[in-house]
Amino acid sequence: AQSVTQLDSHVSVSEGTPVLLRCNYSSSYSPSLFWYVQHPNKGLQLLLKYTSAATLVKGINGFEAEFKKSETSFHLTKPSAHMSDAAEYFCVVRMDSSYKLIFGSGTRLLVRP
Amino acid sequence: DTGVSQDPRHKITKRGQNVTFRCDPISEHNRLYWYRQTLGQGPEFLTYFQNEAQLEKSRLLSDRFSAERPKGSFSTLEIQRTEQGDSAMYLCASSVPQGVDGNTIYFGEGSWLTVV
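Here the protein sequences line up with chains A and B, keeping their order.
Just so it is clear: in the first sequence, position 75 is 75 by the working numbering, and no numbers are missing.
Just so it is clear: in the second sequence, position 35 is 35 by the working numbering, and no numbers are missing.
Calculated directly from the structure, the hints in this document are not laboratory data.
Glycine residues also receive a C-beta, built at the ideal position from the N, C-alpha and C atoms.
It cannot be assumed that every hint is accurate.
To be verified - Pairs of lysine-lysine, BS3-like flavour, derived with a Cα cap of 30 angstroms:
{"no.": "1", "chain 1": "B", "residue 1": "Lys14", "chain 2": "A", "residue 2": "Lys42"}
{"no.": "2", "chain 1": "B", "residue 1": "Lys57", "chain 2": "A", "residue 2": "Lys100"}
{"no.": "3", "chain 1": "A", "residue 1": "Lys49", "chain 2": "A", "residue 2": "Lys100"}
{"no.": "4", "chain 1": "A", "residue 1": "Lys49", "chain 2": "B", "residue 2": "Lys57"}
{"no.": "5", "chain 1": "A", "residue 1": "Lys68", "chain 2": "B", "residue 2": "Lys14"}
{"no.": "6", "chain 1": "A", "residue 1": "Lys68", "chain 2": "B", "residue 2": "Lys11"}
{"no.": "7", "chain 1": "B", "residue 1": "Lys11", "chain 2": "A", "residue 2": "Lys100"}
{"no.": "8", "chain 1": "B", "residue 1": "Lys11", "chain 2": "A", "residue 2": "Lys42"}
{"no.": "9", "chain 1": "A", "residue 1": "Lys100", "chain 2": "B", "residue 2": "Lys71"}
{"no.": "10", "chain 1": "B", "residue 1": "Lys14", "chain 2": "B", "residue 2": "Lys57"}
What the hints assert, rightly or not - Just some of the chain A residues that point at chain B, by a computed CB distance under 10 angstroms:
{"no.": "11", "residue": "Ser26"}
{"no.": "12", "residue": "Tyr29"}
{"no.": "13", "residue": "Cys91"}
{"no.": "14", "residue": "Tyr99"}
{"no.": "15", "residue": "Leu101"}
Unchecked claim - Stretches of chain B that chain A covers, calculated by requiring three or more beta carbons in the stretch to come under 8 angstroms of a beta carbon on chain A:
{"no.": "16", "region": "35-43"}
{"no.": "17", "region": "103-109"}
From just these sequences and the hints, can you work out the full model?
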């Protein structure tokens, strides 16, 4: 069965410093992996997706993630945090043969001025 | 393309009342999903439609919940005899199976339900 573990429930960074949000997945098959962002009282916006092409995936707003099969990880990074990045981030896995998304419990990113 | 649209955005209802939420997917997206998100948690899958056919229902979807997609376009999610535990955000999403954007699932902004 697939599952996703987001290793930090909260991450706090200063504006202009790098962001690292950690995600480990468990899947018996070749997974599709996603990062979604949710701003307060809003729906989910897709940041980026990995679907077995390049292992380094670039997304919107300067975010990127690297798929590491040996570590079963899909960590999200950004070189320089902006105040507008403050939100909840969800790591998500889906088996290629399925249509259901399995969400992690989320990481709340706080950006200090 | 206006994205996935959900209505109403907020609903407060008394326990025991019925509520219905509507979702309009992105045009030509034949797959439609409902998820539920409670405070502090990630969304959980409820049900999935391909065109008008409901292909899967989660065990989270009790008998009080029913979802329809009668013409393969918009969908409704009805909750009968609401309970306080039904308070959550109900998210609708849609996708297409093929193409450059294949299998990318797009979410609406959700419908908040508060049962008092």
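Outcome of the hint check:
1. For the hint pairing Lys14(B) with Lys42(A), the CA-to-CA distance comes to about 24 angstroms; that is within 30 angstroms, so the pair holds.
2. At most 30 angstroms may separate the alpha-carbon atoms for a hinted pair to count; Lys57(B) and Lys100(A) meet this at roughly 11 angstroms.
3. As the CA atoms of Lys49(A) and Lys100(A) are separated by approximately 15 angstroms, the hinted pair is consistent with the 30 angstroms bound.
4. At most 30 angstroms may separate the alpha-carbon atoms for a hinted pair to count; Lys49(A) and Lys57(B) meet this at roughly 25 angstroms.
5. Restraint check for Lys68(A) and Lys14(B): not satisfied, since their Cα atoms lie roughly 48 angstroms apart, outside the 30 angstroms limit.
6. A threshold of 30 angstroms between alpha carbons decides the hint, and for Lys68(A) with Lys11(B) the separation of about 43 angstroms lies outside it, so the pair is violated.
7. Proximity of Lys11(B) to Lys100(A) is assessed by CA-CA distance (about 26 angstroms); at most 30 angstroms being required, the pair is judged to hold.
8. Of the supplied pair hints, the one linking Lys11(B) and Lys42(A) holds, its CA atoms being roughly 15 angstroms apart against a limit of 30 angstroms.
9. Pair hint Lys100(A) plus Lys71(B) holds up; C-alpha atoms about 22 angstroms apart against a cutoff of 30 angstroms.
10. For the suggested pair Lys14(B) and Lys57(B), the alpha carbons sit about 26 angstroms apart, so the restraint of at most 30 angstroms is met.
11. At its closest, the beta carbon of Ser26(A) sits 15 angstroms from a beta carbon of chain B; the interface hint therefore is violated under the 10 angstroms criterion.
12. Residue-level restraint check for Tyr29(A) is violated (minimum Cβ-Cβ distance to chain B is 15 angstroms; threshold 10 angstroms).
13. Given the 10 angstroms rule on beta carbons, the hint for Cys91(A) holds: about 9 angstroms separates it from the nearest Cβ of chain B.
14. Against a cut-off of 10 angstroms between C-beta atoms, the interface hint on Tyr99(A) holds, since the closest Cβ of chain B lies about 6 angstroms away.
15. Here the hint on Leu101(A) is kept, as its CB sits about 6 angstroms from the closest CB of chain B, short of 10 angstroms.
16. As drawn, the region 35-43 of chain B meets chain A at 5 residues by the rule of a beta-carbon pair under 8 angstroms; at three or more, the given contact holds.
17. With 7 residues carrying a beta carbon less than 8 angstroms from a beta carbon of chain A, the region 103-109 of chain B meets the three-residue requirement, and the given coverage holds.
Of the hints listed earlier, those the structure fails to meet are numbers 5, 6, 11, 12, in rising order.
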